[in-house]
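Student: Fit chain B to the supplied structure of chain A, relying on the hints for placement.
Protein chains: 2
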Amino acid sequence: MEGNIYKKLLEELELGNKAVMITVMDDKECGEKNCNRKILYTEDNIANSCISDLNKVVYEKAKQSLETGNLEFVQVNETESYLIEPYFPEPRLIVFGGGHIAKPLVEFGARAGFLVTVIDDRPSFANTARFPGAEKVICESFDKCFDLINLNRSTFVVIVTRGHRHDMECLREVLKHDTAYVGMIGSKRRVKGAMEQLVNEGYSKKKLDKVNAPIGIEIGAVTPDEIAFSIIAQVIKYRRLADGKEEKKILSKVNWPEIDRDVLMELCEEDSLPKAIITIISTKGSVPRKAGAKMLVWSNGKVSGSIGGGCSEGEVIVKSRYLLRDREYEVHRVDMTAEVAEEEGMVCGGIMDVFLEPFWN
Amino acid sequence: MEGNIYKKLLEELELGNKAVMITVMDDKECGEKNCNRKILYTEDNIANSCISDLNKVVYEKAKQSLETGNLEFVQVNETESYLIEPYFPEPRLIVFGGGHIAKPLVEFGARAGFLVTVIDDRPSFANTARFPGAEKVICESFDKCFDLINLNRSTFVVIVTRGHRHDMECLREVLKHDTAYVGMIGSKRRVKGAMEQLVNEGYSKKKLDKVNAPIGIEIGAVTPDEIAFSIIAQVIKYRRLADGKEEKKILSKVNWPEIDRDVLMELCEEDSLPKAIITIISTKGSVPRKAGAKMLVWSNGKVSGSIGGGCSEGEVIVKSRYLLRDREYEVHRVDMTAEVAEEEGMVCGGIMDVFLEPFWN
Numbered sequence: 165m166e167g168n169i170y171k172k173l174l175e176e177l178e179l180g181n182k183a184v185m186i187t188v189m190d191d192k193e194c195g196e197k198n199c200n201r202k203i204l205y206t207e208d209n210i211a212n213s214c215i216s217d218l219n220k221v222v223y224e225k226a227k228q229s230l231e232t233g234n235l236e237f238v239q240v241n242e243t244e245s246y247l248i249e250p251y252f253p254e255p256r257l258i259v260f261g262g263g264h265i266a267k268p269l270v271e272f273g274a275r276a277g278f279l280v281t282v283i284d285d286r287p288s289f290a291n292t293a294r295f296p297g298a299e300k301v302i303c304e305s306f307d308k309c310f311d312l313i314n315l316n317r318s319t320f321v322v323i324v325t326r327g328h329r330h331d332m333e334c335l336r337e338v339l340k341h342d343t344a345y346v347g348m349i350g351s352k353r354r355v356k357g358a359m360e361q362l363v364n365e366g367y368s369k370k371k372l373d374k375v376n377a378p379i380g381i382e383i384g385a386v387t388p389d390e391i392a393f394s395i396i397a398q399v400i401k402y403r404r405l406a407d408g409k410e411e412k413k414i415l416s417k418v419n420w421p422e423i424d425r426d427v428l429m430e431l432c433e434e435d436s437l438p439k440a441i442i443t444i445i446s447t448k449g450s451v452p453r454k455a456g457a458k459m460l461v462w463s464n465g466k467v468s469g470s471i472g473g474g475c476s477e478g479e480v481i482v483k484s485r486y487l488l489r490d491r492e493y494e495v496h497r498v499d500m501t502a503e504v505a506e507e508e509g510m511v512c513g514g515i516m517d518v519f520l521e522p523f524w525n
Numbered sequence: 165m166e167g168n169i170y171k172k173l174l175e176e177l178e179l180g181n182k183a184v185m186i187t188v189m190d191d192k193e194c195g196e197k198n199c200n201r202k203i204l205y206t207e208d209n210i211a212n213s214c215i216s217d218l219n220k221v222v223y224e225k226a227k228q229s230l231e232t233g234n235l236e237f238v239q240v241n242e243t244e245s246y247l248i249e250p251y252f253p254e255p256r257l258i259v260f261g262g263g264h265i266a267k268p269l270v271e272f273g274a275r276a277g278f279l280v281t282v283i284d285d286r287p288s289f290a291n292t293a294r295f296p297g298a299e300k301v302i303c304e305s306f307d308k309c310f311d312l313i314n315l316n317r318s319t320f321v322v323i324v325t326r327g328h329r330h331d332m333e334c335l336r337e338v339l340k341h342d343t344a345y346v347g348m349i350g351s352k353r354r355v356k357g358a359m360e361q362l363v364n365e366g367y368s369k370k371k372l373d374k375v376n377a378p379i380g381i382e383i384g385a386v387t388p389d390e391i392a393f394s395i396i397a398q399v400i401k402y403r404r405l406a407d408g409k410e411e412k413k414i415l416s417k418v419n420w421p422e423i424d425r426d427v428l429m430e431l432c433e434e435d436s437l438p439k440a441i442i443t444i445i446s447t448k449g450s451v452p453r454k455a456g457a458k459m460l461v462w463s464n465g466k467v468s469g470s471i472g473g474g475c476s477e478g479e480v481i482v483k484s485r486y487l488l489r490d491r492e493y494e495v496h497r498v499d500m501t502a503e504v505a506e507e508e509g510m511v512c513g514g515i516m517d518v519f520l521e522p523f524w525n
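Listed in order, the protein sequences are those of chains A and B. If you count the first sequence from 1, position 107 lands on 271 in our numbering, and the numbers rise without skipping. If you count the second sequence from 1, position 292 lands on 456 in our numbering, and the numbers rise without skipping.
Next up, chain A with everything else stripped away, as it sits in the complex (with noise of 0.2 angstroms):
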């Protein structure tokens, strides 16, 4: 392993790609560090890797989970066994002006989990009391503000400028990268014109085709809040369907994980203190945090994330600080119907599966 895994990783997710990382725990001699091997893919390079180094059934489950996100524990046989965990970077939309759809879509949009950007020329319009939903506001020229955001394939991209000319300049920039959604406002008729136009212009018919104009799902929208509402129902479906990316199929439901950001940077700091990673590796019934959630602990008992809180945690750190002195991993179930309160009317408690790892940087 060559540098921190999780360094690489985060870089990945920074720039906008998924990942999924696999640990590799067999009866292979392993060094004086960890006993388990880890393996980072992004959809670029797992597709022209070798999978000689991996179980096949290892390589198509991984595969597989930078689809649908969903993370997998293969349990091969005794001695050999895979966590298959995929890494999606935060969904981030982006939004070309700032009038009246841009205002009730952005709230919206962070509604919806994204991380959102809004830009418009006009400081009158441009600025974060208007937008507090918003991570970022951006005031600044429609031809300048490219050198400002970062599209890729997690960024979703709205063009709802003032004026039609605004909304071409900034569809000409964002057709030039491969972005998870394009979506133009305009009547059907001026859309056509456009596209005819960007045909002439030399851009491809079918990267034309992925721009959703006129911009929406079609439920009939008048008024602004209606407006954003179809926008933002169409955002979800690209997000979650993956109707983006190939036309017309839609896979099933994307589960788009949660980052627990906070773990990552702490596996990413050089500190050489043997940690233990504790990972949700599957949950049934009501529990509070699911699949791909993680803690740390470390031996002088420090801890970090949560994997959901109560007895059952503290369980589980002790047996996380007997871990790193045996330096073993561990597969660990938890039981919390007996735990949670009853509270009125709702189905309680929940059995979950996590996956206990020592790990030094």
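Please note that a few of the clues may not be correct.
Identical chains share a label here; the pair holds if one copy fits it or two copies do between them.
When the alpha-carbon atoms are kept at most 30 angstroms apart in a straight line, the in silico DSSO-like pairs for lysine-lysine are as follows [claimed, not checked]:
(1) LYS352 <-> LYS448
(2) LYS352 <-> LYS225
(3) LYS466 <-> LYS369
(4) LYS300 <-> LYS267
(5) LYS267 <-> LYS417
(6) LYS374 <-> LYS417
(7) LYS220 <-> LYS172
(8) LYS483 <-> LYS374
(9) LYS483 <-> LYS352
(10) LYS225 <-> LYS300
(11) LYS417 <-> LYS225
(12) LYS220 <-> LYS308
(13) LYS352 <-> LYS454
(14) LYS448 <-> LYS356
(15) LYS352 <-> LYS227
(16) LYS202 <-> LYS225
(17) LYS448 <-> LYS267
These are calculated hints, taken from the structure and not from any lab test. Note that this is a predicted model, so its numbers are computed, not measured.
Tutor: Relative to the frame of chain A, chain B by itself:
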């Protein structure tokens, strides 16, 4: 004209019925009071009505107006004109269940312009603090709550209780009424079973086909917010595209005019004072209020409602007082293109035609 026609109008709206009011202006002898006659149709009685009373073009336009929500002013010849005004009840969204999906849905429903009622039998879920956007929060069991609500053709019903049994209990009762939309949560498998059960219980296949279950537009929604977005998008679609009324047939966009309820209430009052009704009949460009907006002017100078404010409104008020004296009607063009202050990047000003008519109770 028996009784006050605006009182009748408000009664129909209260029942959830759409109505169209036709104001006939011709050269027939008029009595002591109004020189114009008003006729009110609902969706039910326009179909069975005798058209001999009306110009055929006007009759067809009135029928259309009930579907599209568009106001029409028809000038047949110099002495014969018709104002055709659609009135739609405020759309109501009724949410059964106050859980994690209802929470965002109620908020989104209010944003989309619905009067929202939410019902749950648990006090900790059915309270106004939890649902600030709701018009009504009803804490009552799902079998008794139906006495407290009105289900009609302007009601959009979402069933998202905490359990399938309660969902079915609500659906059975809802199906006895004619509503604009019904949606019920549930997996494909569970919903299929539920529908089969209801067929066995004697509910008609045609009626059941109109139930949106699983609920919401298919966007792969995962989180409660996403599910609420998918539901509100579907509800808006049923409101705006009249999807719910005729399967598969998507009408042109429904305008769903807003009601100046205060003005209508004033018109119901038996004060016998003459007043002028000013109605916007068409607009072009950027204007503060749209066709259908109403203002009343009394001969003593009292004013109620607004057609948008500004100098132009003052000019119309003066004209109205002359008109009250002469007991005539008039179409007046208001030009606001020079009036509106220039705002950064906005197209400013507009033109509107207003209809002025005297009215006595």
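Student: For each hint, tell me whether it holds in the structure or not.
Tutor: We went through each hint and held it up to the structure:
Only between protomers do LYS352 and LYS448 lie at most 30 angstroms apart by alpha-carbon distance; the minimum there is 20 angstroms, versus 47 angstroms within a single protomer. In this assembly of identical chains, LYS352 and LYS225 lie within 30 angstroms of each other by CA distance solely across copies; the values are 26 angstroms between and 42 angstroms within a copy. Proximity of LYS466 and LYS369 under a CA criterion of 30 angstroms is satisfied in neither setting, with 56 angstroms inside one chain copy and 62 angstroms between copies. In the homo-oligomer, the alpha carbons of LYS300 and LYS267 lie at most 30 angstroms apart both inside one protomer (14 angstroms) and across protomers (27 angstroms), since each shortest distance falls under that limit.
For the identical chains of this complex, LYS267 and LYS417 are neighbours both inside a copy (29 angstroms) and across copies (23 angstroms), given an alpha-carbon limit of 30 angstroms. Both within a single protomer and between protomers do LYS374 and LYS417 lie at most 30 angstroms apart by alpha-carbon distance, with minima of 20 angstroms and 25 angstroms respectively. Taking identical chains as interchangeable, the C-alpha atoms of LYS220 and LYS172 lie at most 30 angstroms apart only when both belong to the same chain, with a minimum of 24 angstroms there against 75 angstroms between chains. Proximity of LYS483 and LYS374 under a CA criterion of 30 angstroms is satisfied in neither setting, with 51 angstroms inside one chain copy and 55 angstroms between copies.
Taking the shortest alpha-carbon separations for LYS483 and LYS352, neither the intra-copy value of 62 angstroms nor the inter-copy value of 41 angstroms comes in at or below 30 angstroms. Proximity of LYS225 and LYS300 under a CA criterion of 30 angstroms is satisfied in neither setting, with 36 angstroms inside one chain copy and 50 angstroms between copies. In this homomeric assembly, LYS417 and LYS225 come within 30 angstroms of each other (Cα to Cα) only inside a single copy, at 16 angstroms, whereas the closest approach across copies is 46 angstroms. For the homomeric pair LYS220 and LYS308, neither the shortest alpha-carbon distance inside one copy (47 angstroms) nor that between copies (59 angstroms) is at most 30 angstroms.
Proximity of LYS352 to LYS454 under the C-alpha cut-off of 30 angstroms is restricted to the inter-copy arrangement: shortest distance 23 angstroms between copies versus 43 angstroms within a copy. Taking CA atoms no more than 30 angstroms apart as the test, LYS448 paired with LYS356 passes between copies only; the shortest distance there is 24 angstroms, against 49 angstroms inside one copy. Taking the shortest alpha-carbon separations for LYS352 and LYS227, only the inter-copy value of 28 angstroms comes in at or below 30 angstroms, while the best intra-copy value is 38 angstroms. In this assembly of identical chains, the alpha carbons of LYS202 and LYS225 lie at most 30 angstroms apart only when taken from the same copy (16 angstroms versus 71 angstroms across copies).
Taking identical chains as interchangeable, the C-alpha atoms of LYS448 and LYS267 lie at most 30 angstroms apart only when they sit on different chains, with a minimum of 24 angstroms there against 39 angstroms within one chain.
This entry does not satisfy hints 3, 8, 9, 10 and 12, going by the numbered hints stated previously.
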